[in-house]
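Engineer: Chains as they are written, first to last, in the working numbering: chain A, 3 to 375; chain B, 3 to 375.
Don't take each hint at face value.
Claimed, not checked - Just a few of them, taken from the derived set where beta-carbon distance is under 10 Å, the chain B residues facing chain A:
id: 1; residue: A16
id: 2; residue: H102
id: 3; residue: E240
id: 4; residue: G244
id: 5; residue: L254
id: 6; residue: V257
id: 7; residue: P315
Claimed, not checked - Covered, in the sense of this in silico footprint (three residues per stretch, anywhere, with C-beta under 8 Å from a C-beta of chain B), are these stretches of chain A:
id: 8; segment: 16–23
id: 9; segment: 239–250
FYI, nobody ran anything at the bench for these hints, they're computed from the structure.
All C-beta atoms in this analysis are idealised placements derived from N, C-alpha and C, irrespective of residue type, glycine included.
Protein chains: 2
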Amino acid sequence: MEHMYLDYNATTPAAPEVVEEMAPYQRDRFGNPSSGHWYGRQTKAAVARGRDQVASLLGCSPAEIVFTGGGSEANNHAVKGPAWADRGRGDHIITSSVEHPAIVNPCRWLEGQGFRVTWLPVDGYGMVDPGGVEDAITDKTILVTIMHANNEVGTIQPVAAIGEIARERGVPFHTDAAQSVGKIPVRVDELKVDLLTVAAHKLYGPKGVGALYVREGTVLESLIHGAGHENGRRAGTENVAGIAGLGRACELAAVSPEERMRDLARLRDEFQQMLEDQVGEVLLNGHPEERLPNTLNVSFPGINAAGLLDRIPEICASTGSACHHGSQTLSPVLEAMGIGAERGFGAVRFSIGRWTSREELERAAQLIGERLR
Amino acid sequence: MEHMYLDYNATTPAAPEVVEEMAPYQRDRFGNPSSGHWYGRQTKAAVARGRDQVASLLGCSPAEIVFTGGGSEANNHAVKGPAWADRGRGDHIITSSVEHPAIVNPCRWLEGQGFRVTWLPVDGYGMVDPGGVEDAITDKTILVTIMHANNEVGTIQPVAAIGEIARERGVPFHTDAAQSVGKIPVRVDELKVDLLTVAAHKLYGPKGVGALYVREGTVLESLIHGAGHENGRRAGTENVAGIAGLGRACELAAVSPEERMRDLARLRDEFQQMLEDQVGEVLLNGHPEERLPNTLNVSFPGINAAGLLDRIPEICASTGSACHHGSQTLSPVLEAMGIGAERGFGAVRFSIGRWTSREELERAAQLIGERLR
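Put together the whole structure using the sequences plus the hints.
Structural biologist: Written as structure tokens, this is what we have:
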């Protein structure tokens with residue numbers, strides 16, 4: 003059976019260039035970057051190069067990059083770090099109702115520790131209103147954290163506008179850019195962010211490594227204390243191969259991004275047309291324009307999407323619901339967008355990427371058509 | 003120049019078998035283990051197999067293994083997790099004065115958060131007295147954390163005796179086994195521990211992955227909150243390749259461990275003799291018998307070890323001091339053992355492993371002899 007991978011927002015295959023870059027650090031160049039001797043110097047240089055590559059993509063200084071064990075760790079660090087460091091100054095955090103669980107759950111945990119969290123609503127496209135951030139900021143606000151692009155529907159938030167407001171009010175601003183880095187331009191100064199999360203495995207890098215951008219002067223406590231790695235901000239022997247891979251992935255992401263965006267968006271929109279040719283109208287979830295170029299979240303009216311995908315195992319995609327103990331629950335993102343259960347349970351997220359072909363999408367649309375006609 | 007790697011306690015090269023095990027998950031089998039489709043099922047199975055392999059080495063249930071981004075993360079989780087979960091019950095932690103920074107600094111940070119920490123002394127061999135643990139436990143004690151084997155001098159702590167005491171008093175007991183797993187038998191029931199740290203890159207596995215053993219029923223808060231990975235105990239897309247590699251490394255570590263221990267200890271002791279044949283008496287730091295079989299920490303009287311190694315770049319080993327802004331500071335471990343500056347600054351840690359040859363050690367001893375004679 004030929005499987006069609008249409009789930010690039012869940013994870014991406016590592017690029018061949020990335021795998022090649024990592025190879026020497028998996029066996030021959032194995033030294034601990036903290037070691038002062040020959041073996042250590044080799045890998046210290048590799049970590050420095052990876053840091054330069056990530057910084058170059060984001061438009062920041064290498065010293066502002068902290069390597070982590072992944073996007074979830076970076077998000078936890080970005081939320082808890084300012085909270086612990088700044089508790090004397092305030093106890094209020096502003097976030098949105100469509101964030102990834104790695105933002106939602108650190109915020110909930112901090113609520114249990116006595117912090118107050120404002121959960122901003124979104125409109126029907128999943129978009130946060132910057133005015134809502136402005137209204138929510140108080141003199142006790144120590145962090146605003148709003149994602150760059152939503153993982154489920156692809157909606158791109160007005161991050162620069164929010165950053166402008168946060169900066170005027172002197173509040174640190176974090177964005178979870180796990181889904182946007184490598185898909186659309188992500189430059190920390192244009193976005194006006196102080197903290198930004200990167201997850202390597204979402205941009206053709208390896209799993210188990212990520213980065214947190216920390217603007218110079220941003221005060222945050224460590225999440226993982228220990229030896230002095232990462233300028234004392236994140237302890238633990240560096241994942242040298244992973245960092246080399248993330249660095250290379252960032253370098254690749256910088257190559258003709260506009261062209262790749264345009265091609266992906268065209269392919270995605272063609273796919274939507276193929277689906278409509280097969281089954282009639284589908285309902286688009288997420289913003290029609292302000293959206294990741296690779297993401298198509300559509301509801302098939304009157305259809306249970308989980309059941310549909312179960313019956314077409316060739317199509318590897320995600321649904322807008324989770325199954326727990328045999329009962330379906332609607333995704334909190336679709337719920338926050340005001341999408342009801344019927345439409346929500348009919349939602350499929352197709353997310354395409356570097357190796358998605360037109361033929362694959364035609365075949366996928368055809369299989370869905372055969373099932374639904 | 004031929005470099006002799008005598009720094010296996012800093013990090014180990016990944017075993018060829020480990021690299022081979024990881025390869026398919028770096029490119030072809032790339033699915034997110036959380037995905038319900040074909041790609042996800044492949045990697046979900048790989049994570050489950052890795053979990054079985056780690057559990058088998060430690061003698062625990064697979065459900066008691068939490069994969070982490072490394073040993074430092076596991077240590078932070080083991081220290082802060084019980085502290086946060088049990089704050090209502092108590093605020094007292096017992097540890098030793100020879101722990102790794104990834105234990106020391108989380109404990110210090112908790113002191114800043116209002117916890118009290120007892121820093122137990124060690125004897126001249128770097129050994130903790132179990133009686134000291136017994137005396138220090140109060141009804142406010144929520145955690146005892148004592149390392150299994152010391153990274154610098156190799157001294158093996160009386161963990162089972164301490165575990166017996168902690169268990170009688172109903173206090174959770176953690177051991178940082180980053181340096182012992184793969185070098186000596188580590189079985190959670192024999193050691194009577196509730197929490198235990200594993201770092202893959204210390205046992206011929208990859209960097210950037212580790213594990214925390216959590217005995218069933220042990221109460222601890224998460225360090226990284228988010229989605230429900232690792233049974234809700236550690237959020238983040240699994241480092242599938244890393245987990246597969248750690249699993250394979252654990253499987254390899256289970257093959258004739260007694261024979262490997264005996265061979266390594268013999269080679270190490272021969273090396274000590276070679277050194278003494280070259281330069282006269284050297285002073286052994288650490289316990290003569292209760293010691294990792296691969297570790298030889300010796301002081302060359304009247305010699306500055308950092309300067310010595312600088313002049314013999316072929317020898318890749320560690321010293322008992324760190325250099326900060328041009329001034330040398332003695333390692334806190336040697337200091338806690340009552341080893342003064344002169345002897346401490348003369349200390350070199352040689353740590354050998356799977357690919358260390360007798361010829362290599364002979365050459366190293368000869369080079370040191372030539373420098374010191």
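Engineer: All the hints need checking, so say for each whether the structure fits it.
Structural biologist: Now for the hints, and whether the structure bears them out:
A cut of 10 Å between beta carbons decides the hint on A16(B): the least distance to chain A is about 6 Å, and the hint holds. Checking H102(B) against chain A by beta carbon gives a least distance of about 7 Å; that is within 10 Å, so the hint holds. With its C-beta approaching chain A no nearer than about 7 Å, E240(B) sits inside the 10 Å limit, and its interface hint holds. With its C-beta approaching chain A no nearer than about 5 Å, G244(B) sits inside the 10 Å limit, and its interface hint holds.
At a threshold of 10 Å, the smallest CB-CB gap from L254(B) to chain A is about 15 Å, leaving the interface hint violated. The closest approach between the C-beta of V257(B) and any C-beta of chain A is roughly 20 Å, which is over the 10 Å cut-off, so the hint fails. Using the Cβ-Cβ criterion of 10 Å, the hint placing P315(B) at the interface with chain A is satisfied: the shortest such distance is roughly 6 Å. A count of 3 residues in the segment 16–23 of chain A with a Cβ less than 8 Å from any Cβ of chain B is obtained; the coverage claim is therefore met, three being the minimum.
Here's how the segment 239–250 of chain A fares: 6 of its residues keep a CB closer than 8 Å to some CB of chain B, so the rule of at least three is met and the hint holds.
The structure fails hints 5, 6 (numbered hints given earlier, in ascending order).
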